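> Next come the chains, spelled out residue by residue.
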Amino acid sequence: MRWILIITLICLLACKRDLGDDLPTPVLRLVVHGWVTDQIGPYTVTLQSTGGVLGSPQIFNIGNAEVKVVDNFGTVYDFLEVEPGIYQSGIEFQGQIGAHYFLEVIIGDGRRYRSAVEPLLPVAPIEAITCAAALGANEQPGFNLGLEFIDPPIVQNQYRWITYINGEAQNRPLQMRLGNDKLTDGDRQLVDLGFYPLQAGDRVVVEQRSLSEPSFDYLSLLITQAQGLGNTFSPNPGLVVGNMYNVDDPNEVVLGNFGASAASTIQLIK
Amino acid sequence: MHRYLIIVLCFLMGAPPLFAQVGTSLFDEKYTINGYVRDQENGEELIGATLYFPDLEAGTVTNVYGFYSITLPKGKYRLIFSYVGYQSQETEIDLTKNLSLNFELPSEATMLQDLVIQGDREDKNIQEVTMSRNVLDIEQIKSLPALFGEPDILKIVQMQPGVITAAEGTSGFFVRGGSADQNLVLIDEAPVYDPSHFFGLFSVFNADVIKDTELYKGGIPANFGGRLSSILDVRTKDGNNKKLAGSGGIGTLASRFMLEGPIKKDESSFLISGRRSYVDLFLIGNDEVNNLYFYDANAKINWRKNNNNRFFVAFYLGRDVQEFNDDGRFSWGNFTSTARWNHLFNDRLFSNTTLIFSSFDYGLEIFDPIEGLEWTAGLQEAALKQDLTYFINPKNQLSFGYHGTFRRFDPGRIKPNAENSIFQLTQLDKMYALDHAFYVGNEQQIGDRLTLQYGLRLSIFQNMGPSTIYTYADPQDNVTIERIDSTQYDRWETIKTFTNLEPRVSARYLVNDESSIKASYNRMVQNIHLMSNATVSLPFNTWRPSSPYLDPQLADQVALGYFRNFNDNTFEFSTEVYYKWMRNLTDFADNTNVFFNNDLAVEFRTGTSDSYGLELFLKKNKGALKGFASYTWSKTDRLVDGVNGSLEYPANYDRRHNLSLVGSLELNDKWTFSGNFVYNSGRPITLPVGRYEFDGYNLDFYGGRNEYRLPAIHRLDLSATLTPRKNVHRKLQTSWVFSIYNVYNRNNPFTVYTRTRQDNDGNIIGDGTEKEARLVSLFPILPSITYNIKF
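In the order they appear, the protein sequences are chains A and B.
Reading the first sequence from the start, the letters are residues 1 to 270 in this note's numbering.
Reading the second sequence from the start, the letters are residues 1001 to 1791 in this note's numbering.
Each hint should be verified, as a subset may be incorrect.
To be verified - To be clear about the criterion: a stretch of chain A counts as covered by chain B if any three or more of its residues have a C-beta under 8 Å from a C-beta of chain B, and this derived list gives those stretches:
no.	stretch
1	52 to 59
2	62 to 76
3	109 to 115
4	219 to 226
5	237 to 247
Hints listed in this document are in silico derivations from the structure and should not be mistaken for laboratory results.
Because the structure is a prediction, the values reported are computed rather than measured.
Cβ coordinates follow ideal geometry from the N, Cα and C atoms, glycine included.
Please model the complete structure; the sequences and the hints are all you need to start from.
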């Protein structure tokens, strides 16, 4: 949206300086991220604190917590701490399409947190991955990646697409891709995954995940905020709250989200 | 509601017999004197000139058209007529029949030494019932230091008590806790929807053509309506009907001219003016920006057919254009036209009939083979106003009338302007509305000390077709928007009607000749809503009518004031306290998409706002040193369900302390020095309060809405006006204004943002995870020179 630059004309006269440390005092919150899929595990739940705004964020990991996922049959799957703040499921746990899950966390001081119940919805297979030569910013040579699939008709579907280049997830805000079939239910879908400066031999894997509607809403807000703030057209910034809550104190703000997805993948070797 | 309607109808229907009685039996031995009070030099009608009959201790003032009418018992009386800045005159009236008398006052600047100046008191602020109103002195505004040397009435409006600025250097203003869209800005009675040039840095008003400017913040008379918080009533000069005259100025940023003169002497006149900025000339040769300018023009024709019929036609046209290299073009502007007929039905019934057209539009063009588009949006309105004033007797002045307005809202249209553009022709749904207002009000003097002004305004607002109204699965869900149904309305078909009654009451109690106490209550209704989440004035805003998803905004305000003059009216002092509570205010849900959104209905939320404050005002009217000091303590909170966790939060423009000091020292007839100092507490802003990781990337997280406050603004501006000594044989008068804006070069905060820590060359410091906060200031110390001419 280069026309936004027009607005920057007003900055012709502007001068800028560091504000130093004169910013709000950092507020510490618990951040929980966890995701279960129908792929083979282990699955990971991370527990962290929020960090400061300025300088290094100084986010610290929260260890010694009790973490478990419970399904709609009452089966409990324990997660063990493998690194400070990182908890993994055992190999016996693999998500099942159609099942429902929730996450429960008890941290060291006894506070108990729980997520809303998340359904693990099916996802359509990816039919094709597309790769077209293109020029990026500053005439950088590369490729526009895309994928095609057929959206299942009648049912409402939400998707997230994650692109991995040589095994590394491309998760910068402008690289995040979400979509739904609200206007295109049952149609062949063409998804633009963005520009990547690929080299010969690079391995590209694209994962298509199903999302529940609340998780789609959560990620939409997160991405909007991460991509959009800082210009004249920005939405009002606000707190993005997921589906975690303190069982004993619902007013406590808990960040992060627990979700469940089926996943289909496709691979491309350049 | 029916009860209210019956009361209004009874009042209106009962009024004519009442008038008949007043005109025949009760006042058989009384006669009416009426006419106009004008400037002797140029024939301009004087608004608010005082006519005082000392033998009767009775008087009146001219209305906004310079007209007066007063009915008195038969007899001989002395009459003193006066106006601030003019030499008062005294004459004797033998009232044995109805009289029509026009008076002309010489200005103090043209008076002869051997004439005696009347020493009557200029205590209008004590005597009048109106409170919470500021009248701006346009001549003083011209001599004050101004940003880039461009005199700007809105900058002076911002210094009045109860008025808060949006950001330093911008023309947006907020009155007693109201948002910017709650100000009705009028030029010759036509509304101006975006009263600013250059993204709010300058107002659209050319100081050379302004005759009178009044700001109503409370106690608003029943003839005004349509906005919750204020009325800024700007009236332009009618044109000199005595001789050809003109003025102009060459400034640092822009130049202006004004030419006025008689078409037929003493009967008809014209006025034309123009203004053009030339920043674009300085930018020639710059590779990045090659065009940036604004222009505006005013024109007016005025014809006095006779004392009973006067006609005016006035136009305003203003536009800003920004061309960004070869990539795009952005422009916005206003056009207004007013046709007015003043008619005297009889000695006491004055009529003003006005036809108004007002248009605001903006457009954006991107020149690109892939992303090329043309985006246009706007709002047009056409209005008929019929205002009548019946001067019943010296103790009662009745006003009544009807205002009808048709509005067409065009929220946006995108059209591809390149063959391979990715954009498709898209038109957001247009909206239409018909707005009726009936009002009646009376100003009544009860005894020697008490005066009341009371009235009612009936607002009937119809949201009309053609339109499609969508039904949403969840109107509060602005993330997953789902339309489940739609209803089609035909042209002129009423979608929804909103009826509201607006009572207005003001009272003045004269404590003694030098002081009075005033109180007021008013309810205001606003049926058009500005959809903007920006704090500063931006032209990308979308207006919407009250509709099934948007109820009218309502405000109730009470105010109490004490007014006192000192030293034979050399000093005016006033203090007011107010409390205002507003309902159905719009605000946006977090993470709202405001631009080019056909489902805005689900994006906004409505809530309440409470505002209260204390205002102090001291003004020095006489002597070599003139000026004013104003201080406001105020607080404005909002509570909007679904915003900020449904908790109360400060409004974007909530500033606790606001101080303005303005002064002009006329050292001699050659040099005048002026200065102003302003201090404003910092405004609230929403900033991140921490960061957290998501998939290996650090995201900001935000606390409460407007939880943080920017540092305070303070600034000193100075100017010196040099008027070379007059050569009495020379018609052309010249002056130089030397200004320094922000004398001590303070970096006043405009906004704050955070970014990845980097050095001055843009190289990232560290591993890219460190962030820094940057404070943006707009204006450093800025000297300017303006050369003015007048003939």
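> For each hint, tell me whether it holds in the structure or not.
Hint-by-hint comparison with the structure:
Counting residues of the stretch 52 to 59 of chain A whose CB falls under 8 Å from any CB of chain B gives 7; the rule of at least 3 is met. Against chain B, the stretch 62 to 76 of chain A contributes 0 residues with a C-beta closer than 8 Å to a partner C-beta. That does not satisfy the three-residue criterion, and the hint is violated. Counting residues of the stretch 109 to 115 of chain A whose beta carbon lies closer than 8 Å to any beta carbon of chain B gives 0, which falls short of the minimum of three for the stated coverage. Against chain B, the stretch 219 to 226 of chain A contributes 6 residues with a C-beta closer than 8 Å to a partner C-beta. That satisfies the three-residue criterion, and the hint holds.
Figure legend: the stretch 237 to 247 of chain A, annotated as covered by chain B; annotation consistent (4 residues with Cβ-Cβ distances under 8 Å, at least 3 required).
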